[in-house]
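*Asks:* With chain U's structure known, arrange chains Y, L and A on it following the hints.
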Amino acid sequence: MARTVAGSAALRVTAEVVGWWAVLTGLWLVLISRVDLLEWVVGSCASLLAAFGARAARVAATGRSGSA
Amino acid sequence: MADLLVVLALTLVVAAATAAVLTRDPARQALVLALLGLALAVLFTALQSPDVALSQLAVGSALTPLMLLLTVRKVRGRGHRGGRKRGRA
Amino acid sequence: MNGWLLAAAVVLALGVAPALWGATTGPLRRRVVAQNVAALLVCLVMLLLAQGYARPSYIDLGLVLAVLGPAGTLVYARLLAAELAADPPTARVTRAMTVLSAAAPPLVVLPLCVATGPGRSLVKLLLIGALLTAGNTISGRAVSGTTSLPREAHDG
Amino acid sequence: MSRKARLWLLAVGGIGVAVLLACAAFDLPGFGGTSHPYGERAVRSALARHTANVISSVNFDQRAFDTLGEESILFAAVLGTVVLLRETRDEHSEPPETVRVDPHVRRYALIALPVTLLIGLYIIAHGQLSPGGGFQGGVIVATALHLLYIAIDYKALERIRPAAAYAIADAAGEAAYVLLGTAGLLAGSVFLANFLPYGTFNTLSSGGTVPLLNAAIGVEVAGATVVLLARFLDQALEIEGGGTGGTGRQDEEANRS
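Residue numbers (the numbering used here), protein chains in the order written: chain U, 1 to 68; chain Y, 1 to 89; chain L, 1 to 156; chain A, 1 to 257.
Keep in mind that the hints were calculated from the coordinates and are not lab data.
Some hints here could point you the wrong way.
To be verified - No more than 20 Å apart at the CA atoms, straight line, and that leaves these computed lysine to any residue pairs for SDA-like: (1) A:K155 - U:R58; (2) A:K155 - A:P103; (3) A:K155 - U:A60; (4) A:K155 - A:E87; (5) A:K155 - A:D234; (6) A:K155 - A:L237; (7) A:K155 - A:T98; (8) A:K155 - U:A56; (9) A:K4 - A:I15; (10) A:K155 - L:A81; (11) A:K155 - A:R106; (12) A:K155 - A:A165; (13) A:K155 - A:H92; (14) A:K155 - A:F232; (15) A:K155 - U:R55; (16) A:K155 - A:R100; (17) A:K155 - U:V59; (18) A:K155 - A:S93; (19) A:K155 - Y:M67; (20) A:K155 - U:F52; (21) A:K155 - A:E97; (22) A:K155 - U:G63; (23) A:K155 - U:T62; (24) A:K155 - A:I111; (25) A:K4 - A:G16; (26) A:K155 - A:R107; (27) A:K155 - A:E94.
Claimed, not checked - Cβ pair distances, simulated, as ranges: (28) A:L79 - Y:D25: 30 to 36 Å; (29) U:A15 - A:F195: 41 to 47 Å; (30) Y:V75 - L:A115: 47 to 53 Å; (31) L:R55 - A:G80: 35 to 41 Å; (32) A:L7 - Y:A17: 20 to 26 Å.
Computed from a prediction, not measured in an experiment: that's the story for all the values here.
For glycine and all other residues, C-beta sits at the position ideal for the given N, C-alpha and C.
Isolated chain U (complex conformation) (with noise of 0.2 Å):
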């Protein structure tokens, strides 16, 4: 039952994070003016980034982890 829980909650901070992160490499693929295999690897880093800064940022701001 635990592990359930854990899993669930692990799934949840997952897809939260890729949600994010599929956003801002959208939003960095808007931002550049040519698209080539560089710009694609450091604009998924930096999305993945901010997608944990946003993530962390949530959970800071409610102050618990886990409710959407």
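*Replies:* Chains Y, L and A in isolation, oriented as in the chain U frame:
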């Protein structure tokens, strides 16, 4: 005619800078300084130096006001106490 | 000097200059509102200048100001909250500010979009417009809403 | 010195500066003229090194050593601020009051924070291509984090801001700049030489060491700004007491009124 923007931006910069000097209250001065920063950014852009304009915008729009107002709050005493003692904190 | 630069000059003379006057005189509530309006207008001026000088990379100035301008106004709303709560902007001013935040960006961004044509830069322009509208509406609300806010509703 | 004498001294100094300035201004080349000897050489050199943003090429390649000095100034200034604004023995910390914020502002901040963060990273990464670079982007990144304070609550900011980690980032950025410069030295030429391949013009990989130095500066400036603001925030919101701090000044004002 081509220099109209430069002249306009320069006028705004001079007006904002003079106003910043003449404003005595530091909290209000921070507001005028923000306007001065915006006018400077327009001037720099009109003079084709967007890098400098971007530096001005990055520093002047949120960072400098935050530092100034935090300092004002510290000097006047903590916000809640100052707020109770005087109207303006 | 083309039409875009002329439009930027008009916004500077008829928008930013009065905002500067508003920010240097009068009560605090007027000054903070004027600062918010000035950030909004200068962001639009930056977009017009980018188009007027035919330098797409200047758009980034507008992009940065679209996110930092509202942040700047929120700084004042936060740290001058006591003074603003004692003397908040009138409802008329607040409404005018909301209308301006919602109406001014499309007025500038849509012609720019038509001039840009379809492509990624069009999406970028629309994004800047959206960020600017949302940010300035929110910061205007934060400036005026310090007292009208119900004290319980703090947990979003 | 009497007031009158001081005013005279000021007037003489002011007039002197005004005369010198006027002389210098009349000897300048005309505004917007066609002769730009330095500009032409800088642009030619920047294009030769495949750096689209000439300013970045000047800052991080042609005159990269100057930027090291500027970066060190920021580093030292922040260090000095940290020392001056530390909590002294006669002061104590009190947790600040919780502030209630409009839920709309709160929601906006939570959405704007990652977007601003990404824009800051974009400005850092594209320093060699478009206006901006490490300094501007670093400041934007730091401002993004402080949205948590200005639009939500100081406690929320404190949860994601272990100041020590940002101090390490500050030092690491500074060190990375020096190390990149030393790598230029080891690669066979001079300190801060652009030793990497210049890449294709107007792509992310162009400019050789310029993007890497930009990244180092970005990390340094973001860390330095966060540490600087952390000290200001601590002083303004948490630290109480002390001979020269807020309360002393307040008593003084109370006595006066």
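*Asks:* If a hint holds in the structure, say so; if it does not, say that too.
*Replies:* Each hint tested on the structure:
{"no.": "1", "hint": "A:K155 - U:R58", "result": "holds, 13 Å"}
{"no.": "2", "hint": "A:K155 - A:P103", "result": "holds, 17 Å"}
{"no.": "3", "hint": "A:K155 - U:A60", "result": "holds, 8 Å"}
{"no.": "4", "hint": "A:K155 - A:E87", "result": "holds, 18 Å"}
{"no.": "5", "hint": "A:K155 - A:D234", "result": "holds, 11 Å"}
{"no.": "6", "hint": "A:K155 - A:L237", "result": "holds, 11 Å"}
{"no.": "7", "hint": "A:K155 - A:T98", "result": "holds, 8 Å"}
{"no.": "8", "hint": "A:K155 - U:A56", "result": "holds, 13 Å"}
{"no.": "9", "hint": "A:K4 - A:I15", "result": "holds, 16 Å"}
{"no.": "10", "hint": "A:K155 - L:A81", "result": "holds, 18 Å"}
{"no.": "11", "hint": "A:K155 - A:R106", "result": "holds, 14 Å"}
{"no.": "12", "hint": "A:K155 - A:A165", "result": "holds, 17 Å"}
{"no.": "13", "hint": "A:K155 - A:H92", "result": "holds, 18 Å"}
{"no.": "14", "hint": "A:K155 - A:F232", "result": "holds, 15 Å"}
{"no.": "15", "hint": "A:K155 - U:R55", "result": "holds, 16 Å"}
{"no.": "16", "hint": "A:K155 - A:R100", "result": "holds, 12 Å"}
{"no.": "17", "hint": "A:K155 - U:V59", "result": "holds, 12 Å"}
{"no.": "18", "hint": "A:K155 - A:S93", "result": "holds, 14 Å"}
{"no.": "19", "hint": "A:K155 - Y:M67", "result": "holds, 18 Å"}
{"no.": "20", "hint": "A:K155 - U:F52", "result": "holds, 19 Å"}
{"no.": "21", "hint": "A:K155 - A:E97", "result": "holds, 9 Å"}
{"no.": "22", "hint": "A:K155 - U:G63", "result": "holds, 9 Å"}
{"no.": "23", "hint": "A:K155 - U:T62", "result": "holds, 10 Å"}
{"no.": "24", "hint": "A:K155 - A:I111", "result": "holds, 19 Å"}
{"no.": "25", "hint": "A:K4 - A:G16", "result": "holds, 18 Å"}
{"no.": "26", "hint": "A:K155 - A:R107", "result": "holds, 17 Å"}
{"no.": "27", "hint": "A:K155 - A:E94", "result": "holds, 12 Å"}
{"no.": "28", "hint": "A:L79 - Y:D25: 30 to 36 Å", "result": "holds, 31 Å"}
{"no.": "29", "hint": "U:A15 - A:F195: 41 to 47 Å", "result": "holds, 44 Å"}
{"no.": "30", "hint": "Y:V75 - L:A115: 47 to 53 Å", "result": "holds, 50 Å"}
{"no.": "31", "hint": "L:R55 - A:G80: 35 to 41 Å", "result": "holds, 39 Å"}
{"no.": "32", "hint": "A:L7 - Y:A17: 20 to 26 Å", "result": "holds, 23 Å"}
Violated hints are absent here; each numbered hint is respected by the structure.
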